[in-house]
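There are 4 protein chains.
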Amino acid sequence: MLKSKFQTTELIEVLTKGIGVYETLRTYNDKPFAVKEHYNRLCKSLSYLKIDPPSFKEFENLVYENLSERIRIVYAYSNKLVSYVFRETAEDMNAGYIKIDFTNVRRADPWSIPPDLKSLGRPDIYLARLTKGDNYDVIMLGNKGQVCEGTFSNVFIIKQRKIITPSLESGILDGITRMYVMNFLKEKGYTIEERFVEPYELFECDEVFLTHTSRGIVPVNQIGDIQTRSYELSKKLSEEFEGYIKCLL
Amino acid sequence: MLKSKFQTTELIEVLTKGIGVYETLRTYNDKPFAVKEHYNRLCKSLSYLKIDPPSFKEFENLVYENLSERIRIVYAYSNKLVSYVFRETAEDMNAGYIKIDFTNVRRADPWSIPPDLKSLGRPDIYLARLTKGDNYDVIMLGNKGQVCEGTFSNVFIIKQRKIITPSLESGILDGITRMYVMNFLKEKGYTIEERFVEPYELFECDEVFLTHTSRGIVPVNQIGDIQTRSYELSKKLSEEFEGYIKCLL
Amino acid sequence: MLKSKFQTTELIEVLTKGIGVYETLRTYNDKPFAVKEHYNRLCKSLSYLKIDPPSFKEFENLVYENLSERIRIVYAYSNKLVSYVFRETAEDMNAGYIKIDFTNVRRADPWSIPPDLKSLGRPDIYLARLTKGDNYDVIMLGNKGQVCEGTFSNVFIIKQRKIITPSLESGILDGITRMYVMNFLKEKGYTIEERFVEPYELFECDEVFLTHTSRGIVPVNQIGDIQTRSYELSKKLSEEFEGYIKCLL
Amino acid sequence: MLKSKFQTTELIEVLTKGIGVYETLRTYNDKPFAVKEHYNRLCKSLSYLKIDPPSFKEFENLVYENLSERIRIVYAYSNKLVSYVFRETAEDMNAGYIKIDFTNVRRADPWSIPPDLKSLGRPDIYLARLTKGDNYDVIMLGNKGQVCEGTFSNVFIIKQRKIITPSLESGILDGITRMYVMNFLKEKGYTIEERFVEPYELFECDEVFLTHTSRGIVPVNQIGDIQTRSYELSKKLSEEFEGYIKCLL
Numbered sequence: 001m002l003k004s005k006f007q008t009t010e011l012i013e014v015l016t017k018g019i020g021v022y023e024t025l026r027t028y029n030d031k032p033f034a035v036k037e038h039y040n041r042l043c044k045s046l047s048y049l050k051i052d053p054p055s056f057k058e059f060e061n062l063v064y065e066n067l068s069e070r071i072r073i074v075y076a077y078s079n080k081l082v083s084y085v086f087r088e089t090a091e092d093m094n095a096g097y098i099k100i101d102f103t104n105v106r107r108a109d110p111w112s113i114p115p116d117l118k119s120l121g122r123p124d125i126y127l128a129r130l131t132k133g134d135n136y137d138v139i140m141l142g143n144k145g146q147v148c149e150g151t152f153s154n155v156f157i158i159k160q161r162k163i164i165t166p167s168l169e170s171g172i173l174d175g176i177t178r179m180y181v182m183n184f185l186k187e188k189g190y191t192i193e194e195r196f197v198e199p200y201e202l203f204e205c206d207e208v209f210l211t212h213t214s215r216g217i218v219p220v221n222q223i224g225d226i227q228t229r230s231y232e233l234s235k236k237l238s239e240e241f242e243g244y245i246k247c248l249l
Numbered sequence: 001m002l003k004s005k006f007q008t009t010e011l012i013e014v015l016t017k018g019i020g021v022y023e024t025l026r027t028y029n030d031k032p033f034a035v036k037e038h039y040n041r042l043c044k045s046l047s048y049l050k051i052d053p054p055s056f057k058e059f060e061n062l063v064y065e066n067l068s069e070r071i072r073i074v075y076a077y078s079n080k081l082v083s084y085v086f087r088e089t090a091e092d093m094n095a096g097y098i099k100i101d102f103t104n105v106r107r108a109d110p111w112s113i114p115p116d117l118k119s120l121g122r123p124d125i126y127l128a129r130l131t132k133g134d135n136y137d138v139i140m141l142g143n144k145g146q147v148c149e150g151t152f153s154n155v156f157i158i159k160q161r162k163i164i165t166p167s168l169e170s171g172i173l174d175g176i177t178r179m180y181v182m183n184f185l186k187e188k189g190y191t192i193e194e195r196f197v198e199p200y201e202l203f204e205c206d207e208v209f210l211t212h213t214s215r216g217i218v219p220v221n222q223i224g225d226i227q228t229r230s231y232e233l234s235k236k237l238s239e240e241f242e243g244y245i246k247c248l249l
Numbered sequence: 001m002l003k004s005k006f007q008t009t010e011l012i013e014v015l016t017k018g019i020g021v022y023e024t025l026r027t028y029n030d031k032p033f034a035v036k037e038h039y040n041r042l043c044k045s046l047s048y049l050k051i052d053p054p055s056f057k058e059f060e061n062l063v064y065e066n067l068s069e070r071i072r073i074v075y076a077y078s079n080k081l082v083s084y085v086f087r088e089t090a091e092d093m094n095a096g097y098i099k100i101d102f103t104n105v106r107r108a109d110p111w112s113i114p115p116d117l118k119s120l121g122r123p124d125i126y127l128a129r130l131t132k133g134d135n136y137d138v139i140m141l142g143n144k145g146q147v148c149e150g151t152f153s154n155v156f157i158i159k160q161r162k163i164i165t166p167s168l169e170s171g172i173l174d175g176i177t178r179m180y181v182m183n184f185l186k187e188k189g190y191t192i193e194e195r196f197v198e199p200y201e202l203f204e205c206d207e208v209f210l211t212h213t214s215r216g217i218v219p220v221n222q223i224g225d226i227q228t229r230s231y232e233l234s235k236k237l238s239e240e241f242e243g244y245i246k247c248l249l
Numbered sequence: 001m002l003k004s005k006f007q008t009t010e011l012i013e014v015l016t017k018g019i020g021v022y023e024t025l026r027t028y029n030d031k032p033f034a035v036k037e038h039y040n041r042l043c044k045s046l047s048y049l050k051i052d053p054p055s056f057k058e059f060e061n062l063v064y065e066n067l068s069e070r071i072r073i074v075y076a077y078s079n080k081l082v083s084y085v086f087r088e089t090a091e092d093m094n095a096g097y098i099k100i101d102f103t104n105v106r107r108a109d110p111w112s113i114p115p116d117l118k119s120l121g122r123p124d125i126y127l128a129r130l131t132k133g134d135n136y137d138v139i140m141l142g143n144k145g146q147v148c149e150g151t152f153s154n155v156f157i158i159k160q161r162k163i164i165t166p167s168l169e170s171g172i173l174d175g176i177t178r179m180y181v182m183n184f185l186k187e188k189g190y191t192i193e194e195r196f197v198e199p200y201e202l203f204e205c206d207e208v209f210l211t212h213t214s215r216g217i218v219p220v221n222q223i224g225d226i227q228t229r230s231y232e233l234s235k236k237l238s239e240e241f242e243g244y245i246k247c248l249l
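Residue numbers (full-length UniProt numbering), protein chains in the order written: chain A, 1 to 249; chain B, 1 to 249; chain C, 1 to 249; chain D, 1 to 249.
Bound conformation, chain A alone:
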């Protein structure tokens, strides 16, 4: 389902010769979630590209005129800025059993592509997705081998009740759900460590969970062919987080 005020031929030229950035929003009970945060992140993406952003009003209108389970808003630019909106259903990724793995495709270095430039057609992320196989998501490492993030999710580990996640300096996208999850955990009294995380720490810990817009907190059951030790706390946190988010709306 497409909607645009612009000529399609125009968009084709723009997408082929220029560059596109995007944001994907969730709605809960027909209310869009974190519109302002998504707008701010879009502005950040556009600022790297030296493109003047739309006004917040304009962005908000696009969201409300296209309410759906997931709303994907694309801005493409080549001399002029054009917008496109995709109304999407929130695919049910509710696989009971979550298996992830590492991918050999590395996330592009921040010196090459700022981690919070959310642009269309990023080849590193596309190539990583091709290696997914039957995994829910695959974890990308950074240029020094540090854990970065999944192709659409952020990673957390639980180690002796401390909760550890790659810092922004690791070269990751400043995930909006990641931030809400960290606020939620802090309110619950957990200690959060944002720092460089080594891949082997995912094996040498108690639990692993992912976070992403569509599903909040996702407990991980298996990494490669190794089962995680537990996922009980992650499961409990996942349920509590659902309630927490709904209260915020």
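Honestly, the hints are just simulated from the structure, not real lab data.
Hints may be right or wrong, so weigh each one.
The list cannot tell twin chains apart, which means a pair is met if one copy fits it or any two copies do.
Unchecked claim - Derived pair list, reagent style BS3-like, types lysine-lysine, alpha-carbon separation capped at 30 Å:
| id | residue 1 | residue 2 |
| --- | --- | --- |
| 1 | K236 | K162 |
| 2 | K188 | K31 |
| 3 | K31 | K17 |
| 4 | K188 | K99 |
| 5 | K57 | K162 |
With chain A's structure known, arrange chains B, C and D on it following the hints.
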């Protein structure tokens, strides 16, 4: 000028959700140049993406049906492969005086994006172009600071009649003009060194030239605010290369 | 136990102002093992430092005049080359249960220090050793996070009867025992893969073993706090390798 | 000229099996300069190695008992800490014309060796010195190609009256003279930028100078085979800094 056998709405979805690769060909005297080499490189790009390539016949037809000074062929993929062709004029970049500079945007690491995956909307290259200012092109370094290439050109330096250019292992695109230039230089009896090149070598050498599809060999007069020592040999080679290419057709 | 033809004050100046390289040899039944290979590697170390090596005869004499379970030969240089020999006992590292872990100290990059320059007082290796705790050895990663080697051992993994070990290009020392083990395994009909190894592969494989001069093949029972799946094949290979080495003498 | 309270054989074992750190101090008019700063840096070096430092009193005594133009204090450790002092003359490096160049040997990465661990026999620095030829010093780059420092000096550039020098985050030693020079320049009203510096900036600037303990500020006349545009301001600053330092004693 667009031409496509496909629905435009289709292409929009494809470009927004999928990925696009492309090749740009030159014609000389209405004959397209190096069609087979461009086809092979396109196949290489698609193979990284695990997409079946079109047949050579199909590619060749697209070229011949769209003859123009420059022909830009785009293949976009998201579940299906669609093609798009742009007929372009060869902009006259015949600036008498060529100034280049280094950019602080680094080329994405080969572990992240294969250097010979020629995809649309690569943010590193887009960001580098934004720093061009009044330069003809800017030189991107790799993740170790080695010289890679310009945003649309390859770099060569002349040092005591030896001709030196970054090796493919430096993380550069396997430029088709680069290859023709190297063959030409070898035939002329020059010694070519393909190796890691440090940025300061561009200052500590005799001459610097760029190569790219549209203009062949381009002598460089200035790097940053430093004039090159000479450009006489580059200028001579540039003229001889024009003749060399025309003989190949 | 020290032995030297040189003044000690001289050596102090040399070690303080210059640089030292070394080799450590084993004897089996009073016969020194792989003298020529150790000599060649010493010459390689010295060649990086642009120091003329001693003759093979001289090196061999030092070995035979100092026969002991382990012979450590140091060459130090600052204007002149002086040698020093330590006669050592082969410490019994025959811990029944072998636990290893990863260290956060990275091995110096080959662009900084050639991996086969075996010099005294390398701070990266010294710092890694400080993190050993109760581990038999700790595994150092390279500058991209790839598995390199232990502080005194090389690493191998067994995955579906294929035997995999970091390639020299990973930035490792060309271990003499590593080479003998690979020859031995090839003779036994195993497939050996020398390539970049990711840290998580040590968890997602069947067995892990180390190799080093003093003990040959050492099966690993535990990595961090995770037990390896098996160590049966490694144990069998370890015993067979003992016999193989003795036959070579 | 050596002086030690310890057995020489002991030190030989220590230097061969352990690790050594050092500091080199200058005296002006028979007064040692920056003793406390050197002591603090020594403590930093030892703390990386988990070695308890000597007391400040003990360090100070070593300095005063060995007063000379340059005092080199070595602490070596292998089970026990032993000290050694070399009394040196300040070699006259007053070459009228200062030529420097870049070296292809990269400084070890901070993930491998902390930049402020000042240890004996660092192979990267030793190898870099081997490439010096007739240069006063050679500039080492870091693992991303950023400018770090010389093998015994720090680098500054002057660009439109702003003074720029690699930040500590570039992976450099926290030079004591570097710090005094920056304080001096700030007091004189100059703007100092500490940041990542690219090698080509040494060519695209007005002046370049080095700083090191023995000579303070050293104006650079030539980089590789390119003369610097000017060295007038550096020369003036060099003279003023001499006076500034003497006032501090």
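Consistency of the hints with the structure:
1. Taking identical chains as interchangeable, the C-alpha atoms of K236 and K162 lie at most 30 Å apart only when both belong to the same chain, with a minimum of 15 Å there against 41 Å between chains.
2. Proximity of K188 to K31 under the C-alpha cut-off of 30 Å is restricted to the intra-copy arrangement: shortest distance 25 Å within a copy versus 59 Å between copies.
3. For a Cα distance limit of 30 Å, the shortest separation of K31 from K17 across copies, 24 Å, qualifies, whereas the shortest one inside one copy, 35 Å, does not.
4. Proximity of K188 to K99 under the C-alpha cut-off of 30 Å is restricted to the intra-copy arrangement: shortest distance 27 Å within a copy versus 36 Å between copies.
5. Proximity of K57 and K162 under a CA criterion of 30 Å is satisfied in neither setting, with 40 Å inside one chain copy and 42 Å between copies.
When each numbered hint is compared with the structure, a violation occurs for hint 5 only.
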